[in-house]
Structures are given as C-alpha cells and as structure tokens.
Amino acid sequence: MRVEPQFLPSTEAVEPIRLLDEAGRLAPGAEAPLDPSRTLEALRFMMFGRAFDARCWSMQRQGRLGTFAPITGQEAAIMGSAMAADPARDWLVPQYRELPALLRHGYPVERVVLYRQGHPAGGFVPPGVRVMPYQVSLAAQLPHAVGIGWGMKLQAQSGVAMVYFGDGASSEGDFHESCNLAGIVDAPVIFLLQNNGWAISTPRSIQTAGSDIASRAPAYGFPGVSVDGNDLMAVYLVTAQAVERARQGGGPTLIEAHTYRMGAHTTADDPSRYVDPETEKGWARRDPILRVQRYLAQLGEWSEDRDAQWRKEIEADVDDAFERASRFPPPRASDLYEHVFDEVTPALARQRRWHLQEAAGGDEETG
Amino acid sequence: MAEMTMIEAIRSALRLEMERDERVIVMGEDVGQLGGVFRATDGLRQFFGPSRVVDTPLAESVIAGSALGLALTGLVPVIEIQFLGFAQNAYHQICQQLARSRYRTRGAQPAQITVRAPFGGNVRTPEFHSDSMESQFAQNTGLKIVMPASAPDAKGLLLQSIRDPDPVLFLEPLRGYRMISGEVPDGDYTVPFGALRTVREGSDVTLVAWSGSVPVAAEAAELLDAKGVSAHVVDLRTLVPLDEAGLVAALERTGRCVVVHEAPATAGFGAEVVALLQEQAFYSLEAPLRRVAAPDSHYPLPGVERDFVPGAGLVVRAALETLEA
Ligand SMILES: Cc1ncc(C[n+]2csc(CCOP(=O)(O)OP(=O)(O)O)c2C)c(N)n1
Numbered sequence: 001m002r003v004e005p006q007f008l009p010s011t012e013a014v015e016p017i018r019l020l021d022e023a024g025r026l027a028p029g030a031e032a033p034l035d036p037s038r039t040l041e042a043l044r045f046m047m048f049g050r051a052f053d054a055r056c057w058s059m060q061r062q063g064r065l066g067t068f069a070p071i072t073g074q075e076a077a078i079m080g081s082a083m084a085a086d087p088a089r090d091w092l093v094p095q096y097r098e099l100p101a102l103l104r105h106g107y108p109v110e111r112v113v114l115y116r117q118g119h120p121a122g123g124f125v126p127p128g129v130r131v132m133p134y135q136v137s138l139a140a141q142l143p144h145a146v147g148i149g150w151g152m153k154l155q156a157q158s159g160v161a162m163v164y165f166g167d168g169a170s171s172e173g174d175f176h177e178s179c180n181l182a183g184i185v186d187a188p189v190i191f192l193l194q195n196n197g198w199a200i201s202t203p204r205s206i207q208t209a210g211s212d213i214a215s216r217a218p219a220y221g222f223p224g225v226s227v228d229g230n231d232l233m234a235v236y237l238v239t240a241q242a243v244e245r246a247r248q249g250g251g252p253t254l255i256e257a258h259t260y261r262m263g264a265h266t267t268a269d270d271p272s273r274y275v276d277p278e279t280e281k282g283w284a285r286r287d288p289i290l291r292v293q294r295y296l297a298q299l300g301e302w303s304e305d306r307d308a309q310w311r312k313e314i315e316a317d318v319d320d321a322f323e324r325a326s327r328f329p330p331p332r333a334s335d336l337y338e339h340v341f342d343e344v345t346p347a348l349a350r351q352r353r354w355h356l357q358e359a360a361g362g363d364e365e366t367g
Numbered sequence: 001m002a003e004m005t006m007i008e009a010i011r012s013a014l015r016l017e018m019e020r021d022e023r024v025i026v027m028g029e030d031v032g033q034l035g036g037v038f039r040a041t042d043g044l045r046q047f048f049g050p051s052r053v054v055d056t057p058l059a060e061s062v063i064a065g066s067a068l069g070l071a072l073t074g075l076v077p078v079i080e081i082q083f084l085g086f087a088q089n090a091y092h093q094i095c096q097q098l099a100r101s102r103y104r105t106r107g108a109q110p111a112q113i114t115v116r117a118p119f120g121g122n123v124r125t126p127e128f129h130s131d132s133m134e135s136q137f138a139q140n141t142g143l144k145i146v147m148p149a150s151a152p153d154a155k156g157l158l159l160q161s162i163r164d165p166d167p168v169l170f171l172e173p174l175r176g177y178r179m180i181s182g183e184v185p186d187g188d189y190t191v192p193f194g195a196l197r198t199v200r201e202g203s204d205v206t207l208v209a210w211s212g213s214v215p216v217a218a219e220a221a222e223l224l225d226a227k228g229v230s231a232h233v234v235d236l237r238t239l240v241p242l243d244e245a246g247l248v249a250a251l252e253r254t255g256r257c258v259v260v261h262e263a264p265a266t267a268g269f270g271a272e273v274v275a276l277l278q279e280q281a282f283y284s285l286e287a288p289l290r291r292v293a294a295p296d297s298h299y300p301l302p303g304v305e306r307d308f309v310p311g312a313g314l315v316v317r318a319a320l321e322t323l324e325a
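Sequence order for the protein chains is A and V. Here the first sequence stands for residues 1 to 367, numbered as in my numbering. Here the second sequence stands for residues 1 to 325, numbered as in my numbering.
Simulated from the structure, these hints should not be mistaken for laboratory data. Heads up, the beta-carbon is just placed ideally off N, CA and C, and yes, glycines get one too. Where hints are given, some of them may not hold.
As the list claims (entries may be wrong) - Looking from chain V toward chain A, a few residues come up when the C-beta cut is under 7 angstroms (computed):
#, residue
1, V54
2, S297
3, V304
4, L320
Said to hold, decoys possible - Some, not all, of what chain A presents toward chain V, calculated at C-beta under 7 angstroms:
#, residue
5, G63
6, G263
7, V340
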C-alpha cells in the first residue's frame with residue numbers, strides 16, 4: 001500500500017501582517033493600535049537607537065569602542081515589540097541588537113556604553129530592572145527566557161518573558177529545546193524572532209529549507225505569527241495580542257518579524273563580500289523610521305522642524321550617555337578577581353596576590 | 001619558500017589538501033561565500049565549488065555530528081567552528097561521539113575529521129570569543145590536540161591533521177593570524193605530531209609554551225637575556241600526543257621550568273606538564289616547577305584583558321623566582 005504523508009512541507013511563505021505601507025498610510029479599515037503619543041514615544045527610542053549606532057560606529061573606527069552590532073533597519077521590530085511589554089512585570093531577554101528596547105525597560109544607557117568600551121561594569125543590571133544582559137552566544141538566552149516565563153507562571157505572577165533572537169540563532173538546538181519546553185509547560189514567553197535576512201554572510205535560505213520560521217510554532221503546540229518587521233504598528237499589534245494571550249494563561253507565541261539589517265553585521269564585518277547592493281536599496285525604501293514619521297506627518301504630528309529639533313535633542317542624549325559612562329573609574333586589573341564566586345577561593349586569592357603583586361594578608365575584597 | 005602570515009599558511013594547506021585529495025570537504029558557518037570571518041577559507045569556494053566548501057546553518061552540534069556521518073561515507077571533513085568558545089555547543093559530539101567512535105566500534109568506525117577553531121585573547125573580541133579551552137578538550141581521549149605557533153607549523157601540522165586517521169582539534173591563535181608570519185615551504189610537507197620545537201636554546205631556565213603563548217615566552221626570553229639569564233624555550237605544538245621525552249630533555253637542559261598558558265591556572269594543561277616533569281624528571285629539578293597562567297576568572301571584557309592574558313613580564317618574574325629558589 002502506498003501512503004501519503006499527512007504533514008507536508010509548507011512551501012509558500014504567508015503574507016506578513018502589515019498595517020502601515022511604505023508611505024506610512026494605514027491599511028484601509030485598520031485602526032492604529034498605538035495612539036499618537038505612544039507612537040511618538042516609540043519613534044523617539046527608534047531615532048535614539050539609530051543615532052547611538054552612528055556615534056558608536058565612528059568611535060569604534062577611532063579605536064575608542066570595541067566590536068558591536070548595529071540595529072539600523074531593525075528599529076520597528078525592536079520597539080514595536082518592546083512597547084507591548086510592561087517594565088514593571090515583564091522581562092526582556094535580548095540577543096545583542098535590542099538597545100532601545102532595553103532602555104525603555106529601564107536599563108541605563110551608560111552601561112551599554114561601558115559594555116562597548118569593554119569595561120567590566122558594563123555587565124551590571126540594576127536591581128528591579130527586568131532584563132538580562134546582551135547574549136553573544138547564539139540562542140543561549142532562549143532557555144533562560146523559558147525559565148523566566150515558567151517561574152513567573154509557577155508563582156502566579158502576571159508577567160511574560162519576551163526573548164529576542166535572530167534567524168541564525170533559530171538553527172541552534174537551544175531554539176528547539178526552548179520552544180518544546182515552553183509549549184509543554186505553557187510558559188508565558190514571546191519568542192521574538194528578528195529575521196533580518198542574514199546571519200553574518202549566511203542568508204536565511206541556508207538556515208532552513210522551510211518557508212517561514214514562524215510556521216514551526218504549531219509543531220510545538222503554540223501559535224506562530226509572521227509580521228512585517230519594519231512596520232511599528234503591525235509588530236506592536238501582534239506582540240500586544242501575544243502578550244495578552246500569555247498573561248491569560250494562553251502560553252507562548254513565536255513571532256517572526258521580517259526585517260533587514262541595513263549595513264554590516266558588526267563593526268568587524270565587510271558586507272560588500274556577500275550583499276547585493278540592489279537588495280539593500282530595496283530595503284532602504286522600507287526604512288522603518290521614515291515609515292513612522294510619514295504616518296505621523298499625516299496626523300500633523302511630524303514636521304521637518306520637529307525632526308530637526310528631535311535630532312538635536314537626541315544628539316545631546318547620546319552625548320549625555322557617553323558623559324555618564326565617562327564618570328565611571330577606569331577598569332582595574334582587580335576587577336578580574338571580583339564576582340567570580342560569592343567568596344574568593346584560596347587559589348584565586350593567591351593568584352590575585354601574585355598577579356597584582358599585592359602583599360600577603362592584604363585586602364582580599366570580594367566586592 | 002614564501003613569507004606568509006599564519007592565516008595564509010592555513011589557507012594554503014587547505015587548498016593544497018583539497019586539490020590532492022578529493023574526499024576532503026570544508027564546512028562551517030560563513031566559510032563559503034564569505035571565505036570565513038577571518039578569511040581562512042577565502043577563495044576555496046571558487047576553486048572547489050559549493051558542494052566541497054559548504055556554508056552550514058548556524059548550529060555547531062550538527063556541524064560536528066554530521067561530520068562523523070560524512071566520514072563514515074568516505075569523505076574527509078574539515079569543519080570550522082567560528083570561535084572555540086562556541087565549540088562547547090558541539091562538545092558532546094566532538095568529545096564523546098567523534099573522539100570515542102574508534103574505541104566503541106573496536107576500530108571499525110574511526111573518525112578522520114579535523115575541527116579547526118580560532119581562540120585566544122588580546123584582540124578585543126566580544127564575550128565568549130577568546131577563551132582558551134584546550135585542557136577541557138585534552139581530557140577527552142581519542143581526540144588529538146594540535147596548537148601551532150608558527151606559520152610553517154600551521155601549514156605542516158594542518159596537513160598532518162587532515163591526513164591523520166583520528167579526529168583532531170586544530171586550534172589557531174587569533175592574535176597570531178596576521179601577527180605571526182614566517183618562511184613557509186612550498187608544496188606538500190607535514191610536521192609530525194608529538195615532536196616539540198625548540199624555539200631558542202638556553203641554559204638557565206626552560207620556558208614551555210604552545211600556540212599564542214609561544215611569542216610571549218620568546219619575548220620573556222629576550223627580556224631575561226638582557227638580565228643575563230639564558231632561557232631555553234620550547235613550543236609543544238601538540239598537547240595530544242605530548243612529546244614526553246622532548247619535555248624531559250628540555251627540562252634537563254636547565255633544571256628549572258616555567259610553563260606558560262593563556263587558560264586559567266586550575267586544571268589547565270600546565271598542570272599536566274608540571275605533573276609529568278615531576279614524575280619523570282624529579283632528580284633533575286633545581287627548583288619548584290612554575291606555571292604562569294591566567295587567573296581562575298572568566299575571560300573578561302576587553303578593558304581588562306591585558307591583565308588576564310599572561311604577558312612576558314609575568315613570565316620573567318616567575319623565571320627569576322625559580323632562579324632564586
Ligand atoms: C553559538 C554561536 N555560534 C557562532 C557565533 C558567531 N556569530 C556571531 S553573530 C552570528 C550570526 C547571527 O545571526 P542571527 O542569529 O541571524 O542574528 P543577527 O546577527 O543577524 O541579528 C554568528 C555566526 C556565536 N556568536 N554564537
């Protein structure tokens with residue numbers, strides 16, 4: 001007997017959900033899920049993110065910052081989702097391109113400056129701020145987010161965990177293990193996949209032979225959504241609904257935000273070796289920041305004057321971020337010996353004395 | 001002979017072996033179109049095509065694990081793990097599956113696979129990119145551990161690794177990729193495993209190092225020279241197999257020894273070297289054996305990495321202490 005498999009590969013990608021077109025016009029009949037003041041709030045973070053990138057890029061080129069990953073092009077995916085999270089009860093678990101989301105959630109910007117300067121103090125998370133630090137080891141943050149969501153659920157808290165990751169990271173085993181457990185324990189987790197088309201030089205087509213990464217969700221027993229990641233309104237709408245569902249005990253959602261990395265992977269990358277400039281130009285027309293500004297202009301909430309004014313204010317905010325970071329004392333060799341264990345081990349104390357040429361019996365602070 | 005950087009020497013070995021042996025395939029993250037994030041595989045795609053120079057999905061465990069399957073079908077995989085820190089995502093596959101395959105099949109299914117990975121500090125990388133993890137791998141028997149410190153060795157040892165019938169972890173010192181260069185012989189040659197290299201002859205104290213720590217030991221030897229101390233410097237080249245007789249002979253030259261490595265001290269490979277010398281050369285010792293290693297901390301953010309990675313100054317201090325002992 002010849003049998004037909006019941007589960008066939010989905011070959012056609014679904015149309016991502018979209019509310020704003022490239023000209024910033026709301027889809028016919030659609031209602032804006034963010035009012036003008038919240039839209040402006042999101043836009044401010046988006047513009048800050050891009051300005052901060054530009055400043056960091058030039059400082060990196062001057063040798064004053066280490067390698068970092070810009071967010072340019074991905075601002076709507078980042079802020080549309082972050083706007084749906086409540087800093088007082090929800091957790092944000094980033095990969096490494098989510099700067100403005102972290103800031104809205106209460107993470108101090110000077111810590112990001114310090115981190116990029118390579119200062120050990122850059123890792124500190126102030127008490128009460130519900131974020132984890134940047135994650136460089138791809139997909140390693142996904143299991144943590146499942147634990148956070150699950151833990152809140154076990155303790156009958158209403159928070160959700162929003163975890164960000166890339167299309168490349170979705171190929172790691174940790175992605176599968178995390179979705180699987182989140183589905184089983186019905187953890188309130190929003191898996192926010194920023195599909196920016198690339199993992200360094202590797203295109204999405206080499207990460208999976210499937211059509212949409214979001215289409216994997218039903219196999220784990222929860223819903224998946226595909227959304228235009230350069231559309232602030234659409235990303236907000238689908239994330240807010242997923243957050244609401246998770247709060248009501250409806251479990252996880254996998255959101256695939258289709259966006260584009262407009263530029264290099266990091267300051268160490270040379271995308272001219274693999275990116276077709278035409279593709280890049282096409283995405284530039286879909287710039288997520290311009291789209292929001294055009295939308296707001298139609299409401300009379302955005303003008304050239306306001307744009308100029310904001311840019312000036314944002315430059316001052318960026319100056320301020322660096323200024324605040326500069327008030328930290330420079331890193332010290334002794335930083336290496338602190339926070340390794342709760343209490344310093346005899347070996348570490350001995351090593352510290354020898355490396356730093358400290359007198360025996362000296363101050364072995366555990367800090 | 002041609003003057004080459006280490007990365008060029010590695011690239012020339014890959015190209016030579018892929019030309020010589022059509023079973024060899026190269027695979028990993030960004031190795032094809034981009035030519036690797038450090039360009040170790042640059043140009044190979046043009047010569048050998050996308051089915052022999054394979055861009056993989058971002059998934060270290062399946063890169064390593066599928067290499068075992070590929071090897072069972074008669075291919076000779078050379079896989080790249082983009083940074084050694086991420087090899088831990090493939091740790092089980094490399095250390096338990098690849099390394100154990102020969103043993104558990106009583107020789108029927110050996111794993112002729114080379115795992116290349118860069119590692120090592122002082123190049124201002126993000127977190128997890130710089131850790132020295134050789135001793136973690138060295139405890140898994142069945143896996144050979146090759147750590148060149150010179151350009152000609154990088155080529156000759158890589159050719160030997162690819163041809164070796166056992167799985168080999170071939171570790172490349174990141175900061176040496178372009179900083180280390182030297183005369184590299186043309187054409188085909190191999191450097192045997194388990195034969196250390198004498199970097200410099202000396203009579204007062206023996207400095208033992210491998211990979212990125214060899215230039216540190218060599219610099220320390222220069223500084224010691226200026227203080228009237230003659231240092232004998234050896235480069236282990238391979239940790240597994242280890243040149244035990246060569247190490248004992250190097251110790252016997254001076255009776256004093258400082259081992260230098262970039263990994264943290266506790267359970268670092270320096271402990272193995274020191275234990276071996278204590279067991280096999282006890283009566284030649286003139287002073288306690290010393291290790292200069294990173295402290296038992298985590299590889300830090302770049303702002304303090306120079307205080308973490310042992311530099312020549314610490315090696316000099318330890319060497320002088322052994323001379324005072
Ligand atoms: C486990 C692991 N493997 C490899 C790397 C090296 N690496 C850093 S970023 C990157 C690509 C990531 O792509 P993606 O997840 O799509 O995120 P994006 O950078 O595009 O935002 C790679 C391969 C890493 N950081 N972690």
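Hint check results:
Because the closest C-beta pair between V54 of chain V and chain A is about 9 angstroms apart, greater than 7 angstroms, the hint is violated. Hint status for S297 of chain V relative to chain A: holds, with the closest Cβ pair at about 5 angstroms, below 7 angstroms. A cut of 7 angstroms between beta carbons decides the hint on V304 of chain V: the least distance to chain A is about 5 angstroms, and the hint holds. Against a cut-off of 7 angstroms between C-beta atoms, the interface hint on L320 of chain V is violated, since the closest Cβ of chain A lies about 13 angstroms away.
Interface restraint check: G63 of chain A against chain V, minimum CB-CB distance 9 angstroms, threshold 7 angstroms, status violated. With 7 angstroms as the threshold, the beta carbon of G263 of chain A stays out of range of chain V, its nearest partner Cβ sitting at about 16 angstroms, so the hint is violated. For V340 of chain A, the interface hint holds, since its Cβ comes within 7 angstroms of a Cβ in chain V; the closest pair sits about 5 angstroms apart.
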